[in-house]
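Chains X and V, in that order, are what the protein sequence lines are. Take the first sequence: its letters are residues 1 to 102, numbered as in my numbering. Take the second sequence: its letters are residues 1 to 388, numbered as in my numbering.
Hint data in this document are derived by calculation from the structure and do not stem from the laboratory. Do not rely on the hints blindly, as some may be mistaken.
Label-pair restraints from in silico Cβ distances [unchecked claim]:
hint, chain 1, residue 1, chain 2, residue 2, range
1, V, 82, X, 64, 30 to 36 Å
2, V, 82, X, 43, 55 to 61 Å
3, X, 52, V, 5, 22 to 28 Å
4, V, 109, X, 43, 27 to 33 Å
5, V, 82, X, 98, 46 to 52 Å
6, V, 64, X, 13, 53 to 59 Å
7, X, 98, V, 80, 23 to 29 Å
8, X, 63, V, 64, 21 to 27 Å
9, X, 52, V, 70, 31 to 37 Å
10, X, 63, V, 43, 55 to 61 Å
11, X, 13, V, 93, 42 to 48 Å
12, X, 98, V, 70, 33 to 39 Å
13, X, 52, V, 64, 18 to 24 Å
14, V, 43, X, 43, 55 to 61 Å
Away from chain V, derived, C-beta distances all over 12 Å, residues of chain X [to be verified]:
hint, residue
15, 9
16, 38
17, 73
18, 81
SDA-like, lysine to any residue: derived pairs with alpha carbons at most 25 Å apart [unchecked claim]:
hint, chain 1, residue 1, chain 2, residue 2
19, V, 167, V, 279
20, V, 74, V, 7
21, V, 64, X, 80
22, V, 74, X, 80
23, V, 60, X, 75
24, X, 81, V, 57
From the three backbone atoms N, C-alpha and C, an ideal C-beta is built for every residue, glycine too.
In case you want the letters, here they are:
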Amino acid sequence: MSKKQKRKTKFSFKEAFCINANKLKAELHLCPMLHVSTTGEIFVENPGAIVLYNENEVRLDMGNVVVAIKGDNITLQTMEKGLVTVIGRVFNIEFMYCKGNK
Amino acid sequence: MLHKLFVYLSGEVSFQLEGGLGERFLNSCADEMLMLKNINATLTGYTLSVPYRHFAKASKLAKKYKCKMTIINKTGLCYVLMPYKHRYGIFAGIVAFALLLVLSQFVVWDIRFFECTPMQESILRHSLYEKGISEGSLVSKKLLAKVSDELVIENSQFGWLTLNYIKGRIVIEKTNATPKPNVFSKTTTNLIAAYDGIIRKIDVSGGFLQVCEGQSVAKGDLLVSGLRQDVMGNIQKTHAEGKIYAEIEQNYEYTQSLSYSKALPINKSKSYYEIRAFNMRLPLFTKIQTPMESEQRLFRYPLSVFGFRLPATVYEYEVRQTQQTQINLTQQQATQIARRKVYDVIYEGLPEVQILSAEEKVDVFENKIVYNVKINAKAEISKQVAVP
């Protein structure tokens, strides 16, 4: 029996060099990020999911860590795919690491 | 500002979410690319708002995650227009109104007369109606130029006339015609007497006078000659012109019946209206019913609502029923009618007449009167005749 050859995946020139805008975006901009502005807004880029949300706390899954934003009247001003804007009187931001992550 | 306008145009729904898996609902909405705004946590759930275009998907997801959705507020143009969703007449009306506004640029809304007397205004109005230019008619520069030329030709009293179309209004400007200079005629003419009489005043500007003041003349006598033979025997020809006033005596007679019948309008009249605008006719009747004995009159006037002129003209056809009526006159009434008729004839036949005395005589018969008047008057009696 002849050994079944593994079919090689073919990449186009554009795919190989990530010229396609969406792909490039996916490669470069999909890592979760947290921006805190002095105006009281916290921009969370590419959050995984909302784990918990009430008026005093919002917990966002960021992949390796879970970010807990605590304060008064915590409001999600906008929420769409890839961006969550949090406003309110923020007292602290906690990073909770999962088991096994350093 | 622009963002607010965009939100108003796209529409927005605010709702309350209670129970169920609230966080999962939020995550699913984000995964489905829905845009959630103003998410506030409450004791029992969340309040949030979504654009109108995402609301259907959001409500499906809420059902999926067993959340109770209560709508708080709906804003936006789509919700304003929602009650008129299937009322196509309103939209058709808006479109028709827009078309009307566009068309109204070429429509006459008003006609103004600049420095015209009321008589001239009525003459021009009537002529314009006859030529199809009135409130509501579509006009062009070519048509206005043509009509203004026609008006000048038809009415000799105007030296120059123009129809200016300014912002839906026709302004008619004109100048009065200057009187034509009296060109001396080269034809050879004589002046002869049109009536018997005694000459009282002579005012001759051309020709060779054959009579003098105080002279009696008979009808047909030569007053001013256009021909004369000079000492050399040559015949001189000229145009006799002038006025010769004489004292004349004339008899007039008129017979007036004491009873006669005439078709007179009675109180029963009916008006039929027709609106004309944009070169179209909109009759507000099916058919004009004219009784056997009736007269019809046409009135035209611009359409106005509470004093505001609209670009349309109302044609009112008034049908007035008439009836043969027997009219019985008294002797005095018949005499007055006869006198008026006789004096109309006198003033029409004798130019520049000045009645010095009049002797009246009325003969009364069974059904008529005969009115006789003998007048002594001073009048212009010359009559121009061509020399053969």
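Going through the hints against the structure:
Take residue 82 of chain V and residue 64 of chain X: their Cβ atoms lie about 47 Å apart, and the range 30 to 36 Å is violated. For the hinted restraint 55 to 61 Å between residue 82 of chain V and residue 43 of chain X, the CB-CB distance of approximately 35 Å leaves it violated. At about 36 Å, the CB distance of residue 52 of chain X to residue 5 of chain V disagrees with the hint of 22 to 28 Å. For the hinted restraint 27 to 33 Å between residue 109 of chain V and residue 43 of chain X, the CB-CB distance of approximately 60 Å leaves it violated.
Separated by about 49 Å at the C-beta atoms, residue 82 of chain V and residue 98 of chain X satisfy the suggested range of 46 to 52 Å. Between residue 64 of chain V and residue 13 of chain X the Cβ separation comes to about 42 Å, which falls outside the hinted range of 53 to 59 Å. Between residue 98 of chain X and residue 80 of chain V the CB atoms are about 50 Å apart, so this pair departs from the stated range of 23 to 29 Å. A C-beta distance of roughly 25 Å is found between residue 63 of chain X and residue 64 of chain V, which places it inside the suggested range of 21 to 27 Å.
Here the CB-CB span from residue 52 of chain X to residue 70 of chain V is close to 23 Å, at odds with the stated 31 to 37 Å. For the hinted restraint 55 to 61 Å between residue 63 of chain X and residue 43 of chain V, the CB-CB distance of approximately 31 Å leaves it violated. Between residue 13 of chain X and residue 93 of chain V the C-beta distance comes to about 59 Å, which lies outside the given range of 42 to 48 Å. Taking 33 to 39 Å as the suggested C-beta distance range, the pair residue 98 of chain X and residue 70 of chain V conforms, at roughly 37 Å.
A beta carbon spacing of about 20 Å between residue 52 of chain X and residue 64 of chain V agrees with the range 18 to 24 Å that was offered as a hint. For residue 43 of chain V paired with residue 43 of chain X, a C-beta distance near 27 Å fails the hint of 55 to 61 Å. Taking the minimum C-beta to C-beta distance to chain V, about 27 Å, the non-interface status of residue 9 of chain X holds against the 12 Å cut. Its beta-carbon lying about 22 Å from the closest one in chain V, residue 38 of chain X satisfies the requirement of being farther than 12 Å from that chain.
Its beta-carbon lying about 8 Å from the closest one in chain V, residue 73 of chain X breaks the requirement of being farther than 12 Å from that chain. For residue 81 of chain X, the condition that its CB be more than 12 Å from all CB atoms of chain V is violated, with the nearest at approximately 5 Å. Between the alpha carbons of residue 167 of chain V and residue 279 of chain V the distance comes to roughly 18 Å, so the proposed pair stays at or under 25 Å and holds. A C-alpha spacing of about 12 Å is found between residue 74 of chain V and residue 7 of chain V, which places the hinted pair at or below 25 Å, so the restraint holds.
At roughly 19 Å between alpha-carbon atoms, residue 64 of chain V and residue 80 of chain X fall within 25 Å of each other, so this suggested pair holds. Restraint check: the Cα-Cα separation between residue 74 of chain V and residue 80 of chain X comes to about 20 Å, which is no more than 25 Å; the hinted pair holds. A hinted pair counts as satisfied when its Cα atoms are at most 25 Å apart, and residue 60 of chain V with residue 75 of chain X qualifies at roughly 24 Å. A threshold of 25 Å between alpha carbons decides the hint, and for residue 81 of chain X with residue 57 of chain V the separation of about 15 Å falls inside it, so the pair holds.
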